[in-house]
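Visitor: Please put together the full structure from these sequences, using the hints given.
Sequence order for the protein chains is A and B.
Under the working numbering, the first residue of the first sequence carries the number 1, and numbering increases by one thereafter.
Under the working numbering, the first residue of the second sequence carries the number 1001, and numbering increases by one thereafter.
Any given hint could be a false lead.
[Unchecked claim] Covered by chain B, according to a simulated footprint, are these stretches of chain A (three or more residues, beta-carbon under 8 Å):
| # | segment |
| --- | --- |
| 1 | 26-35 |
| 2 | 47-53 |
| 3 | 234-240 |
Calculated directly from the structure, the hints in this document are not laboratory data.
The beta-carbon is built from N, C-alpha and C at its ideal position, and this holds for glycine as well.
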Amino acid sequence: MKRLADALRDPATADGLDAEGWTGLIAAARAEQLIGSLAFRLEGRSLPPRVERIMEEARTSAAQWRRSALWEAEMARRALRDLDVPVVLMKGTAYAAAGLDAGVGRSIGDLDIMVPREALPEVEPALLEAGWEWVKPDPYDDAYYRQWMHELPPLIHRERDRMIDVHHTILPLTARVTPDAAAMLAESVALPDGLRILSPEDMVLHGVAHLFADGDLAGGLRNLWDQDRLLRQFGADKSFWVRLGARADLHGLGTHLARALRLARRIYGTPVDRVIAGRGRLSDLWFARRLTARDGWGRETRKLTVFAFYVRSHWLRMPPLMLARHLWTKWRKRPA
Amino acid sequence: MRHRFDLRIGPVGFRIGSAWRAPIAALGQLYRGYPKPVDGIADFTVRLEPETRWRRFVRPSVAIRGDFTLPDAAPLALAHGLLAAEMGMNLQMALGQRRYLILHASAVERDGRALLMTGHSGAGKSTLAAILGERGWRFMGDEFALLDPATGLLHAFPRLVSLKNQAIAAMEAEVAPDRFGPRLSGTPKGDIRHLRPNDAAIAAMSAPARPALILFPRFGFESAERPMGESEVFVRLTQASTNYVALGEPGFDALGHLVKSVPARAIDYPDTGSAVTMAERLWREAGL
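Guide: Shown next, in the form of structure tokens:
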């Protein structure tokens, strides 16, 4: 749904929507996990009373997400504080903890943290000790995560029912590019409570890697909105773009960054560095189609495009022979 | 979507879309005369759609989706489409409602004051509320009661009463046949028949009430009653709420205030007749 992206970019485009238009916009925003972000963008505008009421609820919800996400981060901090290991918050929780624009109204589900890979043998038992438990009891999945993924198998807290993803880098080890995780940790920035966040450049590049070098772009409109907010906030400082370009080269993410900048500009009108963004490509249109594949009932549309990106995500994630073996194992284990 | 029905239940507007005509026709019949969503804008969207494209025609099965969806929810047979629609609306409330504290409770009202009944599945809260609703009380809802943290008032949510197994016959003896939906046999919850609330309940659906008495009924025991401590009531109501945690502090305050200001009793009863008598007596004894 293009109207959702337009409303986020320029809330005035939603003025004069009829009841049907609003209902569709709300359903699409919920489906894309952007209702909180939209609600803050529309704050203070003159809206139909029922829309105002729904947006007010969305802002209240977002405040609660934020509170519980920060509490979850604090729980992880306490669980790991005796280890002398840097704990870097990532994604939504990091935006909220650092008070960034990208955190305003953002839905935050799991807690994502990054620690050095060599610290995992200490981190894992400390989390288990503090009440987190394995979600996936399947031995194949467990072994797969440990050997090939950029994170531990997901853990869930037995009392608070919240998931934690413990990363040691930002892309699966099987992916085509290998970002420099040690450099990311080294450049991370401490918050007052001792938890850390990635440097502005790495924060953007983590989002870029997540969007274009890993998944199938499900939830991509939200992740690209993060990018828009981060780039507008950090990009006001001209020297940011120089550092961003150099950092992208270091991590091998230059092509993906360029794509992200072009799509952020296309979809959200984000001001970006034209040199780094490079010339538009025909395939940008295809990405844009995927990102806006959502109708006014909240349904995913453009099934073929969506499926193509699903295939692409696996292609990017692992070499062909390994992919074949993985899918074969998964197929044999599927529920009857 | 191909077929669509919009309605308002109490303060909450729904838009229900369906790939098939039958569930929408059943909704239109049983919810006739219900108002439309305020400003024409639904709070929640429910979608009844085939799991995969071809399942619209071949052994059609209804996946329950919407603004909020449970990823591993089992689909229902198309013959149970009405139940799917009801479950879809309940799901939106349980997962998405943030304005009101949702209590998994039935409620009836008299003189602007509400009697809340909550308990485990099979405790009889639905049937009790439905019966009282035919005997001089205003039926407010059989599944969810909506407590407004801002005012402490209880809002009605008078959706169709979902009668299960033995309760079906009990209500068939009480209510005219034209208010019943089709009997749905062999659903995941057993036999179900939906009952349309009476016209008085529908006409008054926008009027909130002040909570005045909380009962925790239990069916299948000799008649008995016991008073309950505030802490027990509080804990049981947190368990009976689908969004207590999600609401955060306002939910805690609202529930705390409810528990401190409203008396509560646990009651055991062997049959519906004795439960009605006990409820009436406890209501009088509470000075109501």
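Visitor: Now tell me if each hint is right for this structure.
Guide: Checked hints:
no.: 1; hint: 26-35; in the structure: holds (count 4)
no.: 2; hint: 47-53; in the structure: holds (count 5)
no.: 3; hint: 234-240; in the structure: violated (count 0)
In terms of the numbered hints stated before, the structure departs from hint 3 and from no other.
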